[in-house]
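Number of protein chains: 2
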Amino acid sequence: MTQTLDAPPGQSSASDRAEAWFRDFEAALKSRDVGAASALFATQSFWRDLVSFTWNLTTVENPEGVADLLEANLDRVDPSGFALTEPADEAGGVVTAWFAFETSTGRGNGLLRLKEEEGRDKAWTFLTTLHELKGHEEPRGTHRPMGAEHGASKDRRTWKEKRQAEAESLGSTTQPYVLVIGGGQGGIALGSRLRQLGVPTLVVDKHPRPGDQWRNRYKSLCLHDPVWYDHLPYLKFPDNWPVFAPKDKIGDWLESYVKVMEVPYWSSTTATSATWSEETGEWTVQVEREGMPLTLRPKQLVFATGMSGKARMPEIAGTDVFRGDVHHSSAHPGPDAYRGKKAVVIGSNNSAFDICGALWENDVDVTMVQRSSTHIVKSDSLMEIGLGDLYSERAVASGVTTEKADMIFASLPYRILHEFQIPAYEAMAEKDKDFYDRLEKAGFWLDWGDDGSGLFMKYLRRGSGYYIDVGAADLVANGDVKLARGQVSHLTEDSVVLEDGTTLPADVVVFATGYNSMNGWVADLIDQETADKLGKVWGLGSDTTKDPGPWEGEQRNMWKPTQVDNLWMHGGNLHQSRHYSLYLALQLKARYEGIETPVYALQEVHHTA
Amino acid sequence: MTQTLDAPPGQSSASDRAEAWFRDFEAALKSRDVGAASALFATQSFWRDLVSFTWNLTTVENPEGVADLLEANLDRVDPSGFALTEPADEAGGVVTAWFAFETSTGRGNGLLRLKEEEGRDKAWTFLTTLHELKGHEEPRGTHRPMGAEHGASKDRRTWKEKRQAEAESLGSTTQPYVLVIGGGQGGIALGSRLRQLGVPTLVVDKHPRPGDQWRNRYKSLCLHDPVWYDHLPYLKFPDNWPVFAPKDKIGDWLESYVKVMEVPYWSSTTATSATWSEETGEWTVQVEREGMPLTLRPKQLVFATGMSGKARMPEIAGTDVFRGDVHHSSAHPGPDAYRGKKAVVIGSNNSAFDICGALWENDVDVTMVQRSSTHIVKSDSLMEIGLGDLYSERAVASGVTTEKADMIFASLPYRILHEFQIPAYEAMAEKDKDFYDRLEKAGFWLDWGDDGSGLFMKYLRRGSGYYIDVGAADLVANGDVKLARGQVSHLTEDSVVLEDGTTLPADVVVFATGYNSMNGWVADLIDQETADKLGKVWGLGSDTTKDPGPWEGEQRNMWKPTQVDNLWMHGGNLHQSRHYSLYLALQLKARYEGIETPVYALQEVHHTA
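Residue numbers (numbering that gives the first Met the number 0), protein chains in the order written: chain A, 0 to 608; chain B, 0 to 608.
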């Protein structure tokens with residue numbers, strides 16, 4: 000009876016059900032009864048593990064998959080202490096429970112969803128994540144450093160002296176254990192976590208200042224994701240931060256963040272080659288720091304050079320005879336120099352729209368060339384329908400912090416994620432019907448993804464093919480930005496000619512034609528053989544456009560062990576840079592500390608690019 | 000009966016009692032029945048108002064004081080909507096209740112303590128604070144700016160372009176409404192709040208970079224207050240921040256903060272004179288910005304030049320014949336140049352101990368000259384006994400955020416604050432008895448404040464006379480740092496001679512002799528007449544050492560209207576810079592918006608320095 004004082008009956012019973020499941024699960028694990036443990040999972044079920052059981056990012060399916068994972072790992076992991084961290088919840092027949100647990104080496108957090116099957120509660124989705132390594136907890140909160148060293152000591156060195164000594168020795172008398180190539184949000188978030196974990200790390204970046212990765216882009220650029228989705232680890236944006244931050248403001252934030260978090264960071268530094276030595280067990284990386292050549296010898300090499308990979312610049316006949324400016328969108332300087340002139344923008348995704356909009360605003364005569372269909376969602380609708388429950392002021396007010404939202408998002412299995420997404424995009428299509436009708440009337444070729452699952456799935460599968468509309472779509476709909484459809488045949492001295500013969504006069508041509516797989520960076524820095532051994536980066540193997548099968552279960556090669564030892568790929572949007580940098584950092588920390596890290600289900604390579 | 004499901008009986012009845020009191024109070028206010036309202040206050044009671052009722056920082060006492068405050072302000076303020084913001088609490092016969100309310104112009108928060116008197120609940124302490132002005136709410140949280148401006152517009156200017164245009168016009172074609180002189184934590188916190196409130200503001204500081212105010216001090220300096228006490232507005236230190244941050248790290252934080260919060264800030268800028276014109280209603284302030292003279296014409300002038308005021312350098316005969324270095328502690332460069340030499344440090348408070356400790360650590364032969372008694376508390380004990388309930392990881396874990404701690408601290412009336420403090424310092428004396436015995440044995444002259452109320456009262460009354468021990472006291476206790484007691488008579492070529500004839504050989508003499516009242520800055524920049532009209536700054540009028548009576552009730556001249564119109568004094572430690580900058584910012588914002596701000600109980604001047 001006292002329970003009714005603590006919680007409404009529904010909630011209490013949800014907790015009872017979750018606790019009963021965990022009792023059974025832990026008992027089965029304790030007695031090493033893999034059959035009993037896997038029988039607690041539903042016929043269709045998903046266990047996603049981020050590093051805690053598998054030293055991998057991997058998802059297994061159904062009781063058979065669970066049994067396989069446990070057979071391979073249970074003895075070593077020795078999991079225990081499963082306990083709810085707050086009362087469980089029940090809605091629509093699904094019990095949702097947040098929990099903590101530990102393993103032989105670490106402490107973890109997770110999220111369980113139970114469904115009734117044949118009268119018994121079975122796990123439908125089960126997320127387990129490593130949170131910290133035992134004995135290697137981060138110095139935060141109650142464990143934060145003292146700063147001042149009380150007492151008196153003739154050997155005292157101040158914080159500043161220590162920082163200076165460290166900066167002077169790094170790369171000369173001391174070597175980083177981890178070298179991170181690329182200092183955008185991905186490299187910075189990882190560098191910051193490794194710093195916290197005490198792993199000697201160096202982040203190098205070609206730009207003169209941290210944040211230039213954003214500052215150098217086209218001048219109208221603002222983040223397309225809202226602030227609640229964009230926090231970096233440890234230090235959140237203040238609550239006066241804009242919903243969609245302008246690029247220069249984000250640039251300034253990243254620069255301050257590097258300083259405040261004490262991330263070892265070399266600006267104006269380009270990596271020119273890297274080779275792995277099996278004998279010494281280390282990389283030899285040639286870099287140029289402010290023009291001076293230097294050799295670094297890290298044990299671990301992380302590419303954080305942009306998940307979009309290298310700029311894809313199609314080889315178009317006549318590019319050499321065209322007399323105006325021609326460049327990839329990533330090198331577009333903005334509209335100022337083109338006022339009163341004619342621009343042709345090849346492409347119809349985010350960058351193309353942003354650039355067309357800014358050109359039009361600056362009195363440039365602009366034509367967009369659409370070569371394939373595009374998925375468009377209005378930013379407001381995406382916020383309201385697509386993101387609002389997880390990343391918004393409303394979510395925060397209802398207790399869904401950014402950290403919790405990250406876990407909820409991670410708990411939805413990629414295999415069935417599109418099923419959750421389709422209804423949201425159907426709702427957006429309905430809500431903004433007039434908008435889409437006007438675009439189609441203007442001749443714009445729309446899509447909603449191969450299976451109607453919309454933006455996030457396109458992002459996860461191929462990282463391209465969409466525009467989050469912040470206003471430029473209307474310019475196309477009403478003809479302010481002209482629209483042409485088709486493939487580019489060639490350039491002349493002063494125009495772009497399409498395959499159907501359409502001639503578009505141009506003073507400037509912008510190829511907003513996207514990016515190739517990140518392993519292109521590996522080919523450049525190491526060699527093609529290593530790039531092929533690593534294989535394609537990004538995508539789920541969904542067998543949809545630009546994401547060939549077979550099914551991978553996780554993002555290819557991202558944040559986890561690959562077929563190339565001691566080589567790691569990191570990055571993604573701010574959400575991914577924040578959340579997945581934790582798991583990559585813990586994998587690197589474990590290796591640094593000499594903890595055994597047998598990888599379960601190391602992924603195979605099915606595509607080289 | 001349903002109430003018992005919501006809260007334990009004690010808590011519920013505390014809420015009932017607080018709600019009943021507020022019902023009576025609001026009814027009395029509504030009917031303008033000052034007698035009934037003031038009768039709700041205990042015979043000995045305190046109403047502290049921060050701007051919400053009085054456009055002042057003021058405390059009235061007892062029913063008579065309450066009646067006076069209400070007679071003067073009730074009609075204009077028209078308060079309403081008093082409501083608990085969380086369940087009230089009862090302990091030791093005192094009901095404590097957090098509440099919100101509104102006035103004709105703003106919204107406020109407060110904290111009430113009730114005590115039973117003659118069978119009725121009466122207010123014992125009552126804190127009312129202005130939180131925001133209606134129609135001028137800060138753009139935060141759900142009201143944060145969008146950042147990206149959706150849609151397309153030929154007049155679009157980017158964030159960066161707007162920031163550049165603003166920076167170029169400020170001080171030439173546009174004038175700041177508020178000029179803040181001094182860009183340490185005080186000026187920065189105020190500048191940041193005014194920026195948020197949309198008040199055109201400029202902060203000027205003589206140093207080359209924000210944060211140099213800390214960087215330039217002696218090299219072993221760390222904050223003596225812990226991190227939970229030190230947060231700035233809007234952006235908290237991350238949870239890996241050291242408990243006692245080193246000075247250079249704080250310097251870097253302040254520099255980043257200025258950038259991230261977009262505080263208009265001119266470095267390398269010195270104000271050389273200021274005059275007020277009654278006709279134009281503005282100040283004429285001459286400044287030199289990077290050596291270039293310039294005239295600014297703000298309506299409001301804020302001194303944030305350091306609450307400690309100007310360095311106090313006693314005139315000692317022989318200073319001109321002394322052949323070594325001689326300087327005030329604020330100009331002490333640190334120990335490096337004095338290794339193997341002899342130093343004499345005049346003074347025995349915080350700076351003196353820190354400097355002596357660092358000199359000893361660098362193999363300098365150091366003598367401390369104690370001229371008067373000093374209050375010493377061990378940092379650990381201060382944290383545990385003095386601050387831990389309000390500012391600590393433990394406090395945060397129990398729901399006492401820094402913001403809540405600030406309100407609790409503000410709710411304790413200055414008149415009786417020492418009564419709350421005395422037991423804490425008695426506990427520290429007991430806990431660290433051995434330590435104090437050893438110091439006294441070494442000849443050190445200890446005190447606990449005139450009435451045994453310890454450190455905070457000394458800080459609030461005189462801002463001096465204490466050392467928070469982080470280790471150097473032991474050096475004095477064990478003789479590593481030599482101790483001399485007495486007044487300085489004169490300097491010779493190579494020694495300090497005390498009045499009793501003791502001669503202390505010296506290569507360097509440091510005067511750690513404290514600071515004079517802040518109105519010294521006013522005399523320098525404006526004139527002596529204005530400094531005298533303003534009067535002494537800091538202190539409570541407690542009639543204790545260095546804080547002459549009569550009783551003022553609040554800190555003299557800090558953060559509130561003074562006898563000099565349009566002139567304001569701001570500063571204090573990080574806690575005060577954070578919390579009181581809100582009330583100063585709201586006073587300035589109201590004047591900027593032309594809201595009427597009749598000041599109740601404008602303070603009189605009893606001392607000129």
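Any given hint could turn out to be false.
It does not matter which identical chain is used: a pair holds within one copy or between any two.
[Unchecked claim] Capping the alpha-carbon separation at 20 Å, the derived lysine to any residue pairs in SDA-like fashion look like this:
| # | residue 1 | residue 2 |
| --- | --- | --- |
| 1 | Lys432 | Met145 |
| 2 | Lys161 | Asn215 |
| 3 | Lys153 | Asn477 |
| 4 | Lys481 | Asp506 |
| 5 | Lys258 | Val242 |
| 6 | Lys153 | Asp335 |
| 7 | Lys340 | Asp526 |
| 8 | Lys258 | Phe236 |
| 9 | Lys403 | Glu85 |
| 10 | Lys153 | Arg338 |
Hints listed in this document are in silico derivations from the structure and should not be mistaken for laboratory results.
Do the hints match the structure? See the list:
1. Lys432 <-> Met145: neither (58 Å within a copy, 24 Å between copies)
2. Lys161 <-> Asn215: between (33 Å within a copy, 17 Å between copies)
3. Lys153 <-> Asn477: For Lys153 and Asn477, the Cα distance is within 20 Å only across copies (15 Å; inside one copy 75 Å).
4. Lys481 <-> Asp506: For Lys481 and Asp506, the Cα distance is within 20 Å only inside one copy (15 Å; across copies 81 Å).
5. Lys258 <-> Val242: Classified as between; 18 Å across copies, 24 Å inside a copy.
6. Lys153 <-> Asp335: between (60 Å within a copy, 12 Å between copies)
7. Lys340 <-> Asp526: neither (42 Å within a copy, 61 Å between copies)
8. Lys258 <-> Phe236: Answer is both; intra-copy 15 Å and inter-copy 13 Å each pass.
9. Lys403 <-> Glu85: within (12 Å within a copy, 25 Å between copies)
10. Lys153 <-> Arg338: Classified as between: cross-chain Cα gap 12 Å, same-chain 66 Å, threshold 20 Å.
In the structure shown, a violation is registered for the earlier hints numbered 1 and 7, in ascending order.
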